[in-house]
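Following the hints, complete the assembly by docking chain H onto the known chain L.
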Amino acid sequence: QKEVEQNSGPLSVPEGAIASLNCTYSDRGSQSFFWYRQYSGKSPELIMSIYSNGDKEDGRFTAQLNKASQYVSLLIRDSQPSDSATYLCAVELGSTLTFGKGTMLLVSP
Amino acid sequence: ETGVTQTPRHLVMGMTNKKSLKCEQHLGHNAMYWYKQSAKKPLELMFVYSLEERVENNSVPSRFSPECPNSSHLFLHLHTLQPEDSALYLCASSKGSYITEAFFGQGTRLTVV
Numbered sequence: 001q002k003e004v005e006q007n008s009g010p011l012s013v014p015e016g017a018i019a020s021l022n023c024t025y026s027d028r029g030s031q032s033f034f035w036y037r038q039y040s041g042k043s044p045e046l047i048m049s050i051y052s053n054g055d056k057e058d059g060r061f062t063a064q065l066n067k068a069s070q071y072v073s074l075l076i077r078d079s080q081p082s083d084s085a086t087y088l089c090a091v092e093l094g095s096t097l098t099f100g101k102g103t104m105l106l107v108s109p
Numbered sequence: 001e002t003g004v005t006q007t008p009r010h011l012v013m014g015m016t017n018k019k020s021l022k023c024e025q026h027l028g029h030n031a032m033y034w035y036k037q038s039a040k041k042p043l044e045l046m047f048v049y050s051l052e053e054r055v056e057n058n059s060v061p062s063r064f065s066p067e068c069p070n071s072s073h074l075f076l077h078l079h080t081l082q083p084e085d086s087a088l089y090l091c092a093s094s095k096g097s098y099i100t101e102a103f104f105g106q107g108t109r110l111t112v113v
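Residue numbers (the numbering used here), protein chains in the order written: chain L, 1 to 109; chain H, 1 to 113.
Rather than coming from a laboratory, the hints here were simulated on the basis of the structure. Heads up, some of the hints might be wrong.
[Stated by the list, open to error] With the Cβ distance kept under 8 Å, some of the chain H side facing chain L (calculated, not the full set): (1) Ala39; (2) Lys41; (3) Pro42; (4) Leu45; (5) Pro69; (6) Leu90; (7) Phe103; (8) Phe104; (9) Gly105.
[Said to hold, decoys possible] Label-pair restraints from in silico Cβ distances: (10) H/Gly28 x L/Gln80: 31 to 37 Å; (11) H/Gly28 x L/Lys56: 24 to 30 Å; (12) L/Gln80 x H/Pro61: 37 to 43 Å; (13) L/Ser20 x H/Asn17: 41 to 47 Å.
Predicted model only: the values in this text are computed from it and were never measured. The beta carbon of each residue, even a glycine, is placed where N, CA and C say it ideally should be.
Excised from the complex, chain L in its bound form (with noise of 0.2 Å):
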């Protein structure tokens, strides 16, 4: 059974700081990987993908990806606090995007 896994949360952190979010898979065939956010009442949105091992930035977005352990990770430098949201881990295999619950962040003035 694919799955994946995100702390709920929330994590919170102060302005300005880093904000670290964590997703595990179970599927080693995965072979693409997205985040997106969502705001309180509104749909998934869209930041960053990512396809191969290491990091990807993306302005203050860093998606890190590591097949060997399973896991991708997401970093927001200078977190704001239109930051908080709950950040959805998605990973694909074959025609099927599973999404893990999600981590509440809320990054506090």
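Below, chain H alone, put in the same frame as chain L:
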């Protein structure tokens, strides 16, 4: 605006009603999806359509019936639902069914009374 539009945004229906959810994408994508999001549960994939053909049906009860008349439109027909079907129903699209980035619509908040 993500290029994926869902209507209605909110729907309250009785257990004996029949209603339909609509999704339209303006991104030129070939694959469309229905997901269900319930409180404290991960997003659950319900149906996948690629080039208007259903490629996945995750053991969804028959009271949910999808329809994909063309690659830009997707419907979810609802009948004789149960209160536990109350949830946020999300439509998404991607370039192909072998997953590339998926983009979501705003969702329909469904309440079954």
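Notebook entry, point to check: What are the numbers of the hints the structure violates, in ascending order?
Noted result: 1, 5
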